[in-house]
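Trainee: Sequence:
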Amino acid sequence: MDTELKMYELVLFFKVTSTEQELKAKIERYRDFLTEKGSQVMVKNNGKISLAYPIKNFDTAMYIQVIYLGNGELIRSLDVEIQRDESILRSVTTKLLEQSIPEMFVGAN
Numbered sequence: 000m001d002t003e004l005k006m007y008e009l010v011l012f013f014k015v016t017s018t019e020q021e022l023k024a025k026i027e028r029y030r031d032f033l034t035e036k037g038s039q040v041m042v043k044n045n046g047k048i049s050l051a052y053p054i055k056n057f058d059t060a061m062y063i064q065v066i067y068l069g070n071g072e073l074i075r076s077l078d079v080e081i082q083r084d085e086s087i088l089r090s091v092t093t094k095l096l097e098q099s100i101p102e103m104f105v106g107a108n
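Counting with numbering that gives the first Met the number 0, you get residues 0 to 108 for the letters of the sequence shown.
Any given hint could turn out to be false.
What the hints assert, rightly or not - Label pairs and their in silico Cβ distance ranges:
1. 47 with 95: 16 to 26 Å
2. 85 with 41: 32 to 42 Å
3. 83 with 50: 20 to 30 Å
4. 8 with 51: 30 to 40 Å
5. 58 with 3: 36 to 46 Å
If you're looking for bench data, these hints aren't it; they were derived computationally from the structure.
Glycine included, every Cβ here is placed at the ideal spot set by N, Cα and C.
All chains, please: the whole structure from these sequences, using the hints.
Mentor: Written out as structure tokens, the structure reads:
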């Protein structure tokens, strides 16, 4: 990654039809994808949640939070991978402000 790295948060909502092993494998796949591109990654599995409104006829989802260092190029390539994954109901990427950066990433640039 050439350009300046910024901190991003990726929220993933997975279908609850996935088994625990399948979900762990998917999370590991995205973690490996990011680390192979030179990013630092922190993943938190927040478990099963009720959705405020149905998404693709699902009322509940598995809520996964990923915080990582990246740039526009990495976000675009990750977004392509996410769009290909049929087990993901929704994904949202947001840029984090510096004061909300977890301690493990401070000084990582």
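Trainee: With reference to the structure, classify each hint as holding or not holding.
Mentor: Hint check results:
no.	hint	result
1	47 with 95: 16 to 26 Å	holds, 25 Å
2	85 with 41: 32 to 42 Å	violated, 25 Å
3	83 with 50: 20 to 30 Å	holds, 22 Å
4	8 with 51: 30 to 40 Å	violated, 19 Å
5	58 with 3: 36 to 46 Å	holds, 41 Å
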